[in-house]
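> So the chains spell out like this:
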Amino acid sequence: MQKLKNFIHNLFIPHEENNFRAKSLHTDFLTIYLAIAFLMTIIFKQGNLYNVLGFATDISVEKLYQLTNEQRQKNNLSSLSLNSNLSLAAQKKAENMFQNNYWSHYGDGKTPWDFILDAGYKYEYAGENLAKNFLFNNGVVDAWMNSTTHRDNLLKREYTEVGYAIVNGVLNGEQTTLVVQMFGTPLSGSFSPPPIQAKEPILPEAKPIVENKPQQILAQKTFQPKINFLNFSFNLNVVFMTFLLLALILDFYFASKFNIIRTGGKNTAHFLFIIFVLVGLFMSTIGAII
Amino acid sequence: MTKTFSFYLKKEFKNHLFDYLLLITAGVFFLILLNIFRGQRVSEFIVLISFAFFYIIWGVYHHIMNKTLHLKTVVEYILIAFIIIFLLKIIVLP
Chain A
1 MQKLKNFIHN LFIPHEENNF RAKSLHTDFL TIYLAIAFLM TIIFKQGNLY NVLGFATDIS
61 VEKLYQLTNE QRQKNNLSSL SLNSNLSLAA QKKAENMFQN NYWSHYGDGK TPWDFILDAG
121 YKYEYAGENL AKNFLFNNGV VDAWMNSTTH RDNLLKREYT EVGYAIVNGV LNGEQTTLVV
181 QMFGTPLSGS FSPPPIQAKE PILPEAKPIV ENKPQQILAQ KTFQPKINFL NFSFNLNVVF
241 MTFLLLALIL DFYFASKFNI IRTGGKNTAH FLFIIFVLVG LFMSTIGAII
Chain B
1001 MTKTFSFYLK KEFKNHLFDY LLLITAGVFF LILLNIFRGQ RVSEFIVLIS FAFFYIIWGV
1061 YHHIMNKTLH LKTVVEYILI AFIIIFLLKI IVLP
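Sequence order for the protein chains is A and B. So for the first sequence, our numbering puts the first residue at 1; every next one is plus one. So for the second sequence, our numbering puts the first residue at 1001; every next one is plus one.
No false leads were slipped in.
Derived DEER-like restraints, expressed as beta-carbon distance ranges:
hint	chain 1	residue 1	chain 2	residue 2	range
1	A	Asp142	B	Thr1004	32 to 40 Å
2	B	Ile1049	A	Val238	15 to 23 Å
3	B	Lys1011	A	Leu39	32 to 40 Å
4	A	Asn19	B	Phe1013	24 to 32 Å
5	A	Lys5	B	Lys1072	25 to 33 Å
6	B	Val1028	A	Glu17	35 to 43 Å
7	B	Val1028	A	Asn19	29 to 37 Å
8	A	Lys156	B	Phe1037	31 to 39 Å
Some chain B residues judged to face chain A by a derived CB distance under 10 Å, without partners named:
hint	residue
9	Phe1013
10	Ala1026
11	Tyr1055
The set of hints was computed from the structure by calculation and includes no laboratory data. Using N, Cα and C, we set each Cβ at its ideal position, and we do this for glycine too.
With the hints as extra help, turn the sequences into a complete structure.
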């Protein structure tokens, strides 16, 4: 126990034994961190965890489906079943958005209902949620749940089926991961009334983004993560940066308290640099929904 | 009286006000540029690299001004800058 205490003391508190600088901030330790970070980058690349455009997203149909049903169960609603026709409609919608460069429920003269009907799904009720540029499944579903219109869609009692598409491509010059969620309730009964008799589908209210740029498709690919590496890596990075920030804070505090004068970088500058980068990282992971 | 972390922090900022204002201004520009180039992974990466290099140059400048420049100090700034670059590269950058 005493050994562990001494080890932690040596790691974070500047004193005589660690040359008046927290051991975790020594150059040799920093070199080890760099080696680990470099190794992680290589493993990530070798593992082919990015797709052709270099995206790193951890969004999967299975997880989105699971999270959606969890939200419905929390609200005492029946679970949705996954429908391949709705998934096909979602896939076609996402592809159409990339081909025609728009970020909207309506584009290229087509409505979401056209995609649903074209996929061979005759609906009584139907709905669509869209999301882009999220890193994680939770972020997508949380964003939908925090928006009244999307939440209403997700928790609509009448829906019985759902379909998803997760497609990467370039939209409006921006590398984008699109998530399309299509809800539906199939027409019941033996008769098949024409689609015009179907009830008005539900869409979240949103202002469509007007796109005037020419079509610009570099690549499209449905992304299926092999392992939950990104989530692991993200958490590891957060833990690592927290460790580094903690070491900087403690070292700075005790060095200031004991009036220690030593050779080395400014902890406050390191601290500011890491904070700015963390805010930047957070900004990069914020997605959008309509 | 026990002095708090914020007391020492304020003292440090007060003693080198111009230097820290310079770093904070660069940080704000970094965030603005990231926002402008959002989704353009290569541009985002260039912005990050530029900020990291500015940070290293800032470190050298700061220690020259305070007559505390040492090779070990420069290496420390370089190591921290590159650790952060590699960590970010794994998550969002190309």
